[in-house]
Structure formats: structure tokens, C-alpha cells
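Once you've looked at the hints, dock chain B against the given chain A.
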Amino acid sequence: MIPLIVAALIIPLLTAAFILFARARIVIKRIHMAGSIITSTVLLTLTYGIYLSGPVGQGLLYMDHLSAVLVTLIAILTFTAALFSLSYMDKEVAHEPSPGKAVKRYYILFQIFTFTMISVLVVENLGLMWVAVEATTLASALLVAFSFSRAAIEAAWKYVMVCTVGICLALLGTILLYFAQLSTGLEGEALSWLALKAIGGKLDPSMVKIAFIFIIIGYGTKVGLAPMHTWLPDAHSQAPSPVSGLLSGALLSCALYVMMRNIAIVRDSLAFDFIQQLLVGLGLFSVMLVVPFLLVQHDVKRLLAYSSVEHMGIITLALGIGTPLAVYGALLHIFNHAIAKSGLFYLAGIITQEYRTKQIMRIRGILAQMPRLGSLFLVFVLIITGAPPFGIFFSKFIITWAAFAGGFTLVGTALLVLLGAVFAGMMHYSFQMVFSSQTGTEHTTPMGAGAATAVIVSLLLITISGFYLPDALETVLHQAATIVTGG
Amino acid sequence: MSLMIILLMFTAFLLTRVTNLRTAVSILLVQSVVVAFSCLVVGLETGKTHYFIAALLTVFIKAVIIPYALFRIVGRLKREKETDSFLSPNLSSLAAVAATAVAYGFIDRALPGIISRDALAAAVAIVLIGLQIIMIRRQAVLQIIGLNTMENGLYLLGLSVTKGLPLIIELGIFVDILVAVAILGLLTYRLKLSYLSTDTTLMQKLKG
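Just so you know, the sequences run in chain order A and B.
Under my numbering, the residues of the first sequence are numbered 186 to 672, in order.
Under my numbering, the residues of the second sequence are numbered 163 to 370, in order.
Simulated from the structure, these hints should not be mistaken for laboratory data.
Where a beta carbon is used, it is the ideal one built from N, C-alpha and C, also for glycine.
Short derived list, chain A residues pointing at chain B, Cβ under 10 Å:
1) Ala317
2) Ala324
3) Ala336
4) Ala340
5) Val345
6) Thr349
7) Ile360
8) Leu361
9) Tyr363
10) Phe364
11) Glu374
12) Asp389
13) Met392
14) Ile395
15) Ser422
Derived coverage of chain A by chain B (criterion: at least 3 residues anywhere in the stretch with Cβ under 8 Å from a Cβ of chain B; other residues may be distant):
16) 307–315
17) 325–335
Next comes chain A alone, as it looks inside the complex:
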């Protein structure tokens, strides 16, 4: 198992190196696709291995069921994003002065970004996890700035500044946690997650409390929780669409993963009330704050980005409720949201390329002009807003149920009302874009085969996950929930 983890880290880097030395664009794309497929296969094998034989770890590397859930997600998302990039990026760089170089830069950064996300999930040490999270910001910042347009530079600048400041606060929290660990005088590797988990109850509560607040503010910035979410709509809307999909689906989930690792540690020493209030408050506030932005929005990709803030809020709220059912719902929701949102961003990418604008006002009559694209987009919007019978409906259902069952009646009611408002906003704009009568030119470019496959794979996965999860995934999800709740 350990060699496989090492392989999962090395393959993306090797792929990036090969791309660096390749010349023809077709060769670059082949290397990129081959690398992504091998990485995803290795990652899925790892999940299956964890399902069969339980946690593995050696030295600084460690994987358990919680990492397995996220690793599965990364495997699926990097594969679909890689596939979608092929035709999308060809069109995207067509107007660049030197398209060959731009494509090369994109695929190299894509692979490095994949590497940084995988490294967040397979390191055992909270300090190294911090290093890896900061590395994801840096790798993806250059992807956000890819076109170097004014808007892209602004988005990337805000992204690096806000997230690095946030993550600095997380480092402050992590150092304080290390201090708490040292103060116990017990043996154990510095900041080792397993060691901290083992001595969780013996840590000094007042120190852990301060550390935890900084950690939540810090990683919460990276998760995109309000009021630290300001960078998110900019970065996610300016990045090339496959990257937007990865940022929203995979990277936010990785940040949540680090938050869950920290929650698992502090649960033993902090009053449970405190964790609940902090997380439920932040989560509900995030959902509340995005509603006006979803109701009055002019940019289709920003609409989707704000919806990501909403979903991160829902998940944080569920983690705050903290019952096994709620945490299971949260993990399931992470999974469903990632697949649905990345698919939606891919579709939005095709739409913005066809209409050459992100302005909702200027996108009209998709259904009439491109029936397949229009209907797919509508289905995906229905999925993301939680229409049955798709996966997201069930995970949202579980979370609200857990809220009522856990005694959060008011929170549960508020959440339902807010979700209704979000549904209204998203449907309103989608109807405008999909149905209203067509004006202007015909758009008839067929969807590229790779792009179509990527979207269909996402659609199939999210539809199936509403009815059936493979036994391996179901077990891994339940085990992961136990890890977060301190089992």
C-alpha cells in the first residue's frame, strides 16, 4: 500500500516533467491524459485497499477511511477535468499569441495542482498538511490567472492574498496546538495526527480552544465560509472552466478534510457545545449570506461559485451538528456536491465559450440552439439545487433530518427556508438562459467527445449515487464518519 501512495504522489509530477519536454500539442495531450488515468486508477486502488485492509501508514504518510473518501473524489474529478480540458483548452488558447506554450503551461500546472491536492490527503502530520494546503493555493493561483486578463489578475491576486493570510492564521492555530501537545509532556511525534488523536483528552482546553478558533478561521477561509469567502466567487469564476470544477469540487473538499482532521482531535478536549455553536453558526451564516448574491446575479460562473459557498455552509453546519448521522450526511454531501458542481462548471464552460460571454443577460435560448446542452444544463441545475431523485437530494435530506433529530429545530427550519430561496434564484436564472427566445447568431458547434464524456460520467455518477452506492464506498463513508466523530 505504501508504495502505491508514493506512486500516487510521483505520477502527477512525472507527467508534468514529461509534458515539459514534449513538443507537439497532440503528444502533450496524450501524456496528460495517460498520466491522469494512471493517477486516478492508483487512487481508486488505494481506496479499495483501505476498504479491504483498514488504515495504512508509515513515517509521514498515512491513509484511513476519511482520506479514502476524499481520494476517491480526487480520482473521479481529476479524471473528468482532464478529459474535459482536452477540447476546452484548445478553444480557450486559440486567440493566444503562442497557443502551444499556453497549453503546455496549463497541463503542467494542472498536474502539479493534482499532486498538491493528493499530498494534502496522504500526509499524517498536521504541519505538513498545512504546507500542502498552502501549496494547493499557490499551484491553483497560476491556473486562476491563466489568461492574464485584468479580471484574472485581480482574481488571482485576491485569491493568493486572502487565502495566504487565512492560512497563516491556521498556522498560528497549528503552532498553538503543538504547544498544547508539548505541554502534556507525553511522548509522540510533533503534530502527528495519530499522536494528537491519542492524547486528545489530555490537551489543555483553554489552549486548544484558541488554537481551534484560529484553525477554523484559517482553513475556513480556504473552505470559503462567509465572511471569509470574498475570494471564492472571483477565483472560481475567472479560472478556466475545468479548473473551476476542480477548485469547487476537489479543492474545497480537501480544505474541509483538513478541518475534519482538526475537529476529530479537539472533540476530546473541548466542550462539545462550543464546537457545535461555532460550526453551525458559521455554516448557517454562509448559507444565509449567499442568498442575496444568488437572487441578484449577472454572471453565470459567479452564480455557480456562490452556490459552492452555500454547499460548503451546509456541510460545515452538518459537521457542527456532529451526530454520526449528520457527519455521514456531510461526507455524502461533499461527495455529491463535488461531482455535480464540477459537471455544472464544465457545462457552463461550454456555454460561455459558445456565447463568448459569462453575462446571464446575454445568454439566451440555449435549449432552442443546442438542445442537448440546454437540457443537460437544466438537469444539472436541478441536481445541484437538490431535486429528487439525485444524490444531492438525499444528502441534503439526511443533513436536515439530522438537524431536527439533533435538537436544532430552528436551524433546520431556517436551512429549509434558505434552500428554498437558493432554489428559486438558481432556477430563475437557468430558465432565463435555457428557455427564453433566441436572438442573434446560431450556435451549432458540436460538443467535443471528451467534453461530452466528462459531463456524462458526472451525470451518471450523481444519478446512481441517489439510488445505490457500492458496498466499498458505503463502508468507507461510514467508517470515515466514525473517525470524524471520534470513534
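Leaving out everything else, chain B in the frame of chain A:
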């Protein structure tokens, strides 16, 4: 050690007042040298090689490479200087004083009787001042310097309360900072190209 902390606080305060970009980079350089010295002091006290390696790395990355890169960027930005900050230099120094008071008050209330209280409070204060510099200053380069100040504060914090982090983590942090400065430098350069200025408040295309 107290001397080092006082020197660090002093450089942080100076940074709230400068308007010339080149001077600001020089102050950051001095600040990084002081951080490296504090690391050396801890090394001499404990006699562990770990600290000597960390001090060397600090000098190499924070006092040589990063200032060199920043000087090069500043060299390209002719006639850029800080004007019309969100707060005037006097007010921002006052804000830094307030931040220091807040840091001491916070540490005394939240963790009464903790060892190395002064170092801890000073470190938190430097982190806060770094944050203020990022929020108050308009020039991209000064914001990068603010970020580095924050990081230096964190390094001091680690050094004073936990005698530093394990070397492998510190190594990772160094690499991250280096890459962060490189990327922000690249973005600053692009900013100059497309806005003809590195005033970050000009960037306001993305709203709502």
C-alpha cells in the same frame, strides 16, 4: 532574546510608516536577519544543529532570495510609491500600537501565567501589524511585505513557545513562502503591464 523581539517590533513599526518601496524592502531584509539571529540564539542556548540549519535557511531564503527578488521588481516599477493609504502613516502607527495592546491583552486574558508571555504577545502583535499593512497599504509590493511580516511573526511565535517546528515542516513552510513571493511578484509585474500601476485598489472589476 528580548533584544531580538524589541528589534523585530521596531522594524514592524517602521514598516507602518514608509512610503518608499525600496526602503520597505530594506526594512524587511533587516527584519529577516533579526529573525535568523533569534534562531541562532536559540541554537546556542540548546546546542542543537536543527536551529543552525534553520537559521541558515532563513538567511538564505528570507534575507537573500526574497529581498533580491523584491528589489528587482521594485527596480522595474519606476515612480511607484505609496500614496493616499487607507490610513495616514501616523494613524497606521497608532493602529499598530493598538494591535500591540490588543495582543498583550488577549494573551493575558486567554492564557494567564503562560511562560514566554512577552515573546508570545509580541509575536501575535507582529502578525496583527503584518495584517494591518496588507489591509491599509495600496501598493502591491507593500502588501507582499506585509505578508512576509506576518510570517516572520509566526516564525518568532514558533520559536518562542515551541522552540520551533520540526525541520521538515519548517522546510516546507520556507518553500511555500518562496513560491508565494515568486507568484505574487509575477502577478505584480502583470499588474503593472495591464493597469500601468501597481496600486491594488485599481482592481475592482469583480463585484457582486
